[in-house]
Every structure is written in structure tokens, then in C-alpha cells.
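Engineer: Letter by letter, the chains look like this.
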Amino acid sequence: MTQPGFGPDLAEVFGPAHQDGGPELVQLLSPEGERVEHPEFSFGDELSDDQRAETVRGFYRDMVLTRRIDVEATALQRHGELGIWAQLLGQEAAQVGAGRALRPQDYVFPTYREHGVAWCKGVDPLKLLGLFRGVDQGGWDPRENNFGLYTIVIGAQTLHATGYAMGMQRDGIVGTGDPERDAAVIAHFGDGASSQGDVNEAFIFAASYNAPVVFFCQNNQWAISEPIERQSRIPLYQRALGFGFPGIRVDGNDVLATYAVTRAALQRARDGQGPTFIEAYTYRMGAHTTTDDPTRYRLSDDVERWKLKDPIARVEAYLKRNAMAEQAFFDDLAAEADDLGARLREGCKALPDPQPLSMFDHVYAEQTDELVAQRDGFAAYLDSFEGAH
Amino acid sequence: MAGTQKVTLAKALNMGLRKAMEDDPKVLLMGEDVGKLGGVFRITDGLQKDFGEDRVIDSPLAESGIVGTAVGMALRGYKPVVEIQFDGFVYPAYDQIVCQVAKMCFRSQGQTPLPMVIRIPFGGGIGAVEHHSESPEAQFAHTPGLKVVACSNPVDGYWMIQQAIGAPDPVIFLEPKRQYHADKAELDESATPDPLFRSRVVRQGGDVTVLAYGPTVKTALKAAEAAAGEGRSLEVIDLRTLSPLDMAPVFDSVRRTGRAVVTHEAHVNLGMGAELSARITEECFYSLEAPVLRVGGFDTPYPPSRIEEDYLPDLDRVLDAVDRTLDF
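Note that the protein sequences, when read in sequence, are chains W and A.
The numbering used here puts the last residue of the first sequence at 394; the count rises by one with no breaks.
The numbering used here puts the last residue of the second sequence at 334; the count rises by one with no breaks.
With the rest of the complex left out, here is chain A (with noise of 0.2 Å):
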């Protein structure tokens, strides 16, 4: 059995990608210069030395084209997992992703499923300019047809993307790029991990529970000591899937709690949080203490970088909406 080491993120999703290309040789990976450059975040980093060319691929620039032909490397049994440099470059291969790769199995009455992975580095807090800060993961989840997973540490990491590889439908698989490598956890190889289209409590509470999914679960986890220091006791949900959702934990939770607050990166309407909020209140209304209040994006464009903390969620605007809800 193979040790455990402390790894990050990015470092995680490489092995997890390297022992997806090792047990299935049709796996392929495809994008905007993962070969030898190993990516702009080096999440390919030396696979493309070890597998070849052929099966790590420098596609030219354009992700129309990446998606389209993953596609059609899809229809011919290769597995292709295509990164998309950025959250906001993924826009000019939305058609294929919408159109295409999403009804395939539809509209063949399910004789060519489509298994895929579309890999996107998204949220923002890197300092970056735009276009390189977004989250559309509400624009996908809303789509039929697709799966949609974001993991939020490296060991979910290593083990969601060989899963999501692994699924026989297609898979937007979102990377919190801030944390890419910034904390470094320790990844068991031999463990078994959780399905992948389930959430997961990560820190249990009573008071009120808060949903979280990529990078701000280290918000909410965050939040959570800090409400611990004033007595406030709040449950912690990795939502790790946006679709399916898998609402089981979360039903259970606030039907404990009262109480739930929702944070993500993307714009608040007709964001996740929406859909969440719904839910919660179409099957918990007589457990519900106060309104599920929601902590995202504003609804303006991403701003500049210089004033991005002030545009993202972070743990105190979390408390308040905790305070919030405790005071309804």
C-alpha cells in the first residue's frame, strides 16, 4: 500500500490525473498548453513527458475547437479531459458544451453517451485581470445534461477528477484556483474515497448551517472557528456536487439547525444559491427559523483586482449573514 504525503491541490490533481492515464489508456488530456509548458497552473506538469504527445495534447488556441473535438474523440471511445485555461475563456466553446455535449446522450435515447471531463480553473482572489476571476457554474448546472463537481482540497481533488473521469456522462469539473497551491493536506492513496456526487459535512454545528462548494468552504470553514470563539456552533457543508445536488445532508442539517446560509463566489442571482434556497424551503419550511440568506458575488461584473476582497465573499460578511439569520 502506497503512503500518504502532504500534498497540495494542483499537486494532488496531477497524480490524480497521471493514475487516471495510467489505469485507462484512453484517457487523453487536451487544451491550451498543457504539454510541455504542463499548463499555465502546471496541473499537467510532466504528462505529457510521460504519455506522449498523443495523449496529452497542445490544441491550438481556441476552445470552441477543444470542446468540439474532444467531442468527437468522446464518439470514438477516447476518454478526453480538456482544460480550459480560464473560468472566463470557456465562453467561446459554451455553444458545444451547451448544445452538444450536453444532449448527445439525449438525443441518440442515450446509444452515445458522452463521457468527458471539461477541467476549469475558476473563482477568483488571484489579483488577476478579467475574464481570469469567474464563476459560471450556475450557467452549467442549469444545463441538462451535465454534471457539474467542484472540489475544495487537494484529497477530494486527487479523487473527484479520476471519479469524474471515470463517469459515464460529461463532467465540468471546477478547480478553485486560489487554492491550487496554497494548502497542502495529506493524501492517502490506498483510502476509499467518498462517491462523487455527494456532499459532505465538513465541521458539525447546531446553530446554523452553512452551505459552501470550491473555494469558499475555506470561507466557511474559517467563519466557523471564528463563530466557535462567540459561542456560536455552525455546520459546515462541502457541497462538492452543484449537479446533482445531493441535498440529503443538507435537508438533515437545517432541519436541526433552523438555520442556513448559502456562500459562493458567482454572482447572488439566479446563482447556486438560488436553487439551494428553493430546495431548502420546499422541503424544510416548518424547520426553518428564519430565510436561507445567501453571501455571493455582487451582481456587477467581477471588478478590478485592487478591489476583489471587497467583491468576494470572506468570512465577515459570512458571520453576518450568520448573525442575520440568528437574529431574525
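In isolation and in its complexed conformation, chain W is listed as follows (with noise of 0.2 Å):
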């Protein structure tokens, strides 16, 4: 139906709603782990057979191990070890073909939610559980793995992305066609922040300067109870053109697809030609958080439904069946997941809580007079309880 003066119908351009995605979606694994072709995005073509095993073997370890630092947080906080954790579970492909895409010299904005991409960056993910457990705001220096810390302010982490990326812009450490040194910035975000100004105006921002960053969106499909459907009625990736720069919709759940996907992105924005917008289609398998409870607001079919599209479940059938894996290496990788759980348990549980007077370190960073004198009157005033008990 055409409406006359005002173009084609909305269901016309982007067609109808799917609930799996749709066409347009770039896949390289199927959910039972075969491997499928795009005409456009590929993965592995340069490597040998063992190269390209090794990277899925690779992909499929960062994943496991994502998955167990996940399992291990909400099972602490369960047991009052941590105040909150937000969950991943379902978005593990995402966040590990992301992470896995960029490289050391790339800059990471993540939310709270990207332990995978934290991961893949070298954080310590006993540095993320200091945030949960509230002993900290963010433990780790951004700048020793280029990952920033976590933003809990809904989507205000993409503009910082796209100053950051107009700054390595200035630095000419763009376009120059030297792959060692030629970098980007990669934005994450979720759908519910894609309704948030603040996105919008990152959008617009890195549009007019074509900033080199990678707006990485992981549309989970529900923001804390509210469904896809209130944030967009057309799907997410199809908003980029509006503001002037490709968007493309990648299975989330497809570590093969979310890698070359983000890689070619990330290129495009180190080869000098701005910003991309990647919508990987996931499902939010667990809580918003641990203190959510979904059960309230969505129906146990679809996410039995999305359990069937499990990200670990594909790569591991994929590695079987074409013998890219032996018995030894899933073994040696559940011990190891092992020792990474029970690292996490016993190094949370040992994270030292602050000293009270430590809230009065770094408000600023030359230190005001005003804020030493209250920081000596509340000593003076813990001192006066010593011996009192």
C-alpha cells in the first residue's frame, strides 16, 4: 500500500516482522552447526584447515569460559557474595565474535553487561565481580587492556566511543594503511539504549565527522520487561541508514558470523571509512539481572524456543562432527573451566573491602583542602569509637 506523497509502506521497504531474524540476516553457522555461505562475509578463507580449527577451537574456549564466569557470578551472587550480576547467558557468540575481531590497538566502550568482550580484551574477570560486589566502581586500568570500564547510565558509553574515535582521528592513526597501527573504536550497546538520546546524537556525531567506531548493538530482545517492539517497529540495523551509515543484522548467536562480521566493520572504520551499525539478533536467556525476574513479563516458549539456538551447543556439534576437535581438548577445557570457577569463587569472596576512608581518594585529582579537612574530621570520628566496643 502506497501511501500518495509519503513513499512506500513501512511493511513494504523493510518487509514483514521475523521472528527469527529474517533474510537478511548473515549466518555462517546454522543452530544445528552446519556450515553456511554468504555471499558477502566469510570466515576463515585465508587460514589453512588447522588454522581455521584452531580459531573455532579458539572461539569455542572464550565462550565455554564466558559461559562459566557467568555461571560462577550468579551462583556467588546467590550466595550474597556479590550485591547484583548481570547476566549474559545466550549472548556469548556476540560478545566473543566481537571481542575476538578486534585488535590490541582497538578501543573497547562496553555497558555492564560485556564479561565476553572483557574477556577476550585480557581483563580479569575477578576485576569485574569488584563492580558486583560493590568494593569497587570498576576495577581495572582501561588503559592497559583499551577497555573502558562498565556504564551502567544507559547508552551514554557510545558517545564517549565516538569522541574517542574522532581523537584517534587527530592522531592519524587512521587510514594510513598500516595494519599494526591503524585503529578503531567499537561501541556496545543494547536495544533498549537504541531508544536513548544520547545513542542518537552518537549516531549523528559520528556520521558528520566519520569516525572510525563500530556501533556494536546486541538486541537481546527485551530491555529489564519491555519487549523489541516499544524500542523499534522497524528492525534496528535498518535506523543506521537514516543516519547516514550501513547497518547490518548478524545472527548473534553465530560466533562465525559476529566475528567476520565486526572484523569487516572494524576494518572499514580503520581503513578511514566511518562508522557501521551491527544489530546481532540474540536472546537474553537469563534475568536483566539477578535481582529481575522474568517470569513476570515473557512466556517460557520463546526462550525454549531460543535454547534450541544455544551459541556454544552449534560450535560444538560443528567441531565434532568435522573432527576439528579431539576428546582431550573438551576435557582439558572443562578442567580448565573448572579452575577458572573455582578461582573466581574463592578470589571474590577474598576481595578486600575498601577502607572507609578510602571514598575521599580521587574525587578530584589535585585533592581540594575542603575534602582533607572532612576526610581528618570523619577519622577523628571513627577514632573515637576505638575501645568504645
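These are calculated hints, taken from the structure and not from any lab test.
Backbone N, C-alpha and C define an ideal beta-carbon position, used for all residues, glycine too.
One thing to keep in mind: the hints can contain errors.
Said to hold, decoys possible - Estimated spans, in silico, between C-beta atoms of each pair:
1. W:360 with A:228: 23 to 31 Å
2. W:83 with A:315: 21 to 29 Å
3. W:44 with A:187: 51 to 59 Å
4. A:250 with W:386: 28 to 36 Å
5. A:187 with W:205: 31 to 39 Å
6. A:31 with W:298: 27 to 35 Å
7. A:187 with W:388: 33 to 41 Å
8. A:250 with W:205: 31 to 39 Å
Claimed, not checked - Negatives, chain A to chain W, calculated, CB over 12 Å:
9. 31
10. 194
11. 236
12. 289
Reconstruct the complex from the two isolated chains, following the hints.
Structural biologist: This is how it looks when you write it as C-alpha cells:
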């Protein structure tokens, strides 16, 4: 149906809504673990068979260990060792695919759920737990791994990512043709965040300045209790066009596809061709956080349907069917995951509480006399209890 | 006449919202997750089911959008009650609140007043991650055109939310989230409530006046109880309204006690305590036996939750200030 003067109907342009991501979804590995060809994206063409198998095993290991971090942290919260935990269950492929596409010089601006990207960037998962335990508000040095602090205010980091990318432009490390030097930024956010003004302003700035940034949106279908339909009437990736840069929808549960698409988008950015929007189409299998109860607002049928698309199971099937991994690999990985779990359990409980007076540190880079006086007053107050109890 | 029942603050607010929606079909609720989920604190639990999706609106995840569209609905004659999910998430809407909501009546020379309510769960003490424990009240009380109130208990919650919805001006309605599910109180729906913009003496005493609102009212009452055991008599005033301030009961009290301590979770620097102290000094100068003291959050960002109890004013810090004002 065409409305005179207003162009074609939305449904004509975008097609009907598809429960499974629709035909535009880039997929390279089916939920059953079968390789799928795509006309524009491929995985591992430049690699030998052995290299390809090794790379896939690496992805698999990353996803298994990422899930283990998530499972352990969820259990630690249940046992009162963490105040809260933001689960990523089901989103391992989106995060590992994106994380492994990064080069060391690339910079990540995460939400508070990017545990898998943090893992790929080499951030000790124990440091992630500190924030959720309440002993700090981000215990890692962002410069060490080019991995920014978790951002809790929804979408704010997309502007930071854009500005950081603009800085890279000015530093002359974009489009030089030197693969060791050219750099890009990836901004993570979710479907809910796509409604925020900050995110839309980030799109405007990135397009206007042709900033080397990849907007990586994990559409996990839920913003706490609100389904994606509350945020957008068209597929999210289609919005990019209106801002003036390409958008693409990838199977977020397919690590090969998220890797291939993110790698290509990052290369575009490093080459000076500007921003890309990637919609990683996935599903939040768990709750929003450990304080949320999704049974109040969504059907278990959906969850069951998405279980069949599990990002880890499909890679396992692929590896086994094609004899790309020995049993010893799986056994060793299981042991490694157990070791990681034990380390996180012990390490989390051993994280020391901060000293009360530490709250006065680092409010400013240059401490003020006023705040010193306030700290000293509080110290004297605390000392007055010495021996009183 | 309805009987009385024991309710939590969360339940009382839910009942108050329900009553306001029954009484006035123009009342709408809007916010993130307020519909099917009933809000992350369950304050709007069951209301979408009973009043429908046109009146209990799950909004896109965008605070400026929530408040900005609520302005439009208010201009259209509706009475929007918006929920900001957590205090720390109000800032994307800050521009709309300060530049638009607060000034609409003035700019239109009274032609288009803007009756709407912005509910904000505020304060700490729940072991949350950052941006979930803020006390931004002074930033709104500082803004002409906004009225700002804070409830401290279930009975006030029930009445004050209805009165705020009925008020002709925009009201920032602060709810002490730590108290949502903490204590129950006897609610008599047939009672006659105090007016909205009135402070209230909640414990009488003669030695020191303690001013509190929202979450620190309970702290002040506990301090008064402890002080009584040491022979010191504290008068506790629940301010209830932060803009406008209702100073008459405060001045009456301070003229009798000669001493005042203000306590709030917000940072002390330029917090409500500063304004209260100035006004008390202006009006009660010759009655004062000691400077007005302030007990609040330190002038640091809200710290990691493992040390939040050190940051928050507690019974001991209030008593310490009481000692200092008596020893002055």
C-alpha cells in the first residue's frame, strides 16, 4: 500500500516482521552446526584447515569460559557474595565474535554486561566481580587492555566511543594503511539503549565526522520487561541508513558470523570509511540482572525456542562433526573451566572491602583542602569509637 | 468507611496511585517497566492490568523522552505521573525538568500551568551499584517552578502521592527506596491527611531539634530514642516538603531548643541543610545556643556499596552532632 506523497508503506520497505531475524540475517553457522555460505561475508578463507580449526576451538574455549564466569558470578550473587550480577547467558557468541575481531590497538566502550568482551581483551574476570560485589566501581585500568569501565547509565558510552574515535582520527592512526597502527573503537549497547538520546546523538556525530567507530548493538529482545517492539517498529539495523552509515543484522548466536561481520566493520573504520551499525540478533536467556524475575513478563516458550539456537552447542556440534577437535580438547577445557570457577569463587570472597576513608581519594585529580578537612574530621570521628565497643 | 490495614510504603504508594486513577480518569502513569512488570520496585504492580495500556504506559528506554512527552500530555489536559526508575537515571531528563517543566507556568504567564508528578526512588542503603543510590533533591529544590516533596512512611506515601497528583504545579516526588518494603504502618483510608506542603513534628523534645526527610526520618527517630536513654530529649521534624519549605514548625521548635541538627543523605555541600541552616540563622539568631550542624553524605561521589554505611548518616553520626551542639 502506497500513501500518496509519503512513499511506500513501511512493510513494503522492510518486509514483515520475522521472529528469527529474517532473511537479512548474516549467518555462517546454523543452529545445527552446519556451515552456511554468505555472498558477502566468510570465515577463515585465508586460513589453512588447521588454522581454521584452531581458531574455532579458540572461539569455543572463549565462549565456554565466558559462560563459566557468568554461571559462577550468578551463583556468587545467590550466595550473597555479590550484590547483583548482570547475566550474559545466551550472548556469548555476540561478545566473543566481536571481542576476537578486535586488534590490540582497538578500544572498547562496554555496557555493564560485556563480560565476554572483557575476557577477550584480557581483563581479569575477578576485576569485573569487584563492581558487582560493591568493593569498587570498576577495578581495572582502562588503558591497560583498551577496555573502558563498565557504564551503567544506559547508552552514555556510545558518545564517549565516538569522541574517542574522533581523537584517533586526529592522532593520525586511521586510514594510514598500516595494519599494526590503524585503530578503531567499538561501542557496545543494547536494544533498550537505542531509544536514548545519547545513542542517537552518537550516531549523528559519528556520521558527521566519519568517526572510526563500530556501533555493536546486542539486540537481546528485552529491556528488562519491555520487548524490542517498544523500542523500534523497524529492524534496528535499518535505522543506521537514516543516520547516514551502513547497518547490518547478524546472527548474534553465531560466533563465526559475528566475528566476520565485526572484523569487516572494524576494518572499514580503521581504513577511514566511517561508522557501521551492527545489530547482533540474540536473546537474553537469563534475567536482566539477578534482581529481575522474567517470569512476570515473558513466555517460557520463547526461551525454549531460543535454547535450540544456543551459541555454544552449535560450535560444539560443528567441531565434533568435522573432527576439528579431539576429545582431549573438551576434557582439558572442562578442567580449565573448573579451575577458573574455583579461582573466581575463592578470589571473590577474598576481595577486601575498601577502607572507609578511601572514599575521599580520587574525587579530584588534585585534592582539595576542603575535602581533606572533611576526611580528617571523619577519621577523628571513627577513632573516637576505638576501644568503645 | 474503609477499615485500616497494615501496609508497606510500596503498597501504600500503589494504593495511592490506584485511588488517584480511580478518582480522575486523566491521571496516567508512564515509565520504564511500569506496566506488566509493575516497576522494578513493584510500585505500579497490577495497575496496567486494571487500568489498561493507555493509562499505564511502558515507555521506551529514554528518560528525556518520558518527561518530555509527559509535558505534552499535561498540556493536553492529562495528569501524567512518571516514574524515573532510579535517582541516578533522572539526569537525561534534567534538561526537560529544569528548562521545560519548571518554567512552563511562568513563560505562559499562568496560561498553561503544568500539573504533573515525577516520582523518583531516592537514597541509598540497598547495596546497589553506582547511580542507584543518589539524593538529587537539592538540584530540584534549587529550581524555581518545581515543588519537591519527600515521603518517609507508608501513611504519608498514600496521601502525599494523591495530593501531589492533585496539585496544580509540577511536583518532584521523592520516595526513600530503602523504606519501600521495610516497615509496615496502619493506614486508615478514611482519615483526613495533613496538607501536602507542611512539615510535621514527629517526636517532641526540648533539648535539640533534629530536621530530617525521606530516609533519614527513621534515622533521626532512632537517634532520639537512643538519646532519651541518656537523658537527652530530641525533637524530630519530618520536613516532608523541600520546596516550598514549611519553616514555621522549625522556627517554633528551634526557638524552644536553641539547637538544630539537619540530616540528609545528600552531600552536605550546598545541600538542603545549607538552606535550612541559613533560614534558621536568619529567623532564630537570638534563640540559638549553638551553630546549626549538618549531618549528611560526604562531598564525594556515592561510594561502593561495601562502605556505603560509612557514607550515609546513621544514628551515631546524628548523636555525635547532637553532642557537639550541646557541648558548644
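Engineer: If a hint holds in the structure, say so; if it doesn't, say that too.
Structural biologist: The hints, checked one at a time:
1. W:360 with A:228: 23 to 31 Å: Given about 26 Å between the Cβ atoms, the range holds.
2. W:83 with A:315: 21 to 29 Å: holds (23 Å)
3. W:44 with A:187: 51 to 59 Å: About 56 Å separates the Cβ atoms of residue 44 of chain W and residue 187 of chain A, which means 51 to 59 Å holds.
4. A:250 with W:386: 28 to 36 Å: holds (34 Å)
5. A:187 with W:205: 31 to 39 Å: For residue 205 of chain W against residue 187 of chain A, whose Cβ atoms are near 36 Å apart, the range 31 to 39 Å holds.
6. A:31 with W:298: 27 to 35 Å: Because 31 Å falls inside the window, the suggested range holds.
7. A:187 with W:388: 33 to 41 Å: Because 36 Å falls inside the window, the suggested range holds.
8. A:250 with W:205: 31 to 39 Å: Because 37 Å falls inside the window, the suggested range holds.
9. 31: The claim stands: residue 31 of chain A keeps its Cβ more than 12 Å from every Cβ of chain W (closest is about 24 Å).
10. 194: It holds; residue 194 of chain A is separated from chain W by about 31 Å at its closest Cβ, greater than 12 Å.
11. 236: holds (14 Å)
12. 289: Holds, since 28 Å exceeds 12 Å.
Of the hints listed earlier, there is not a single one the structure fails to meet.
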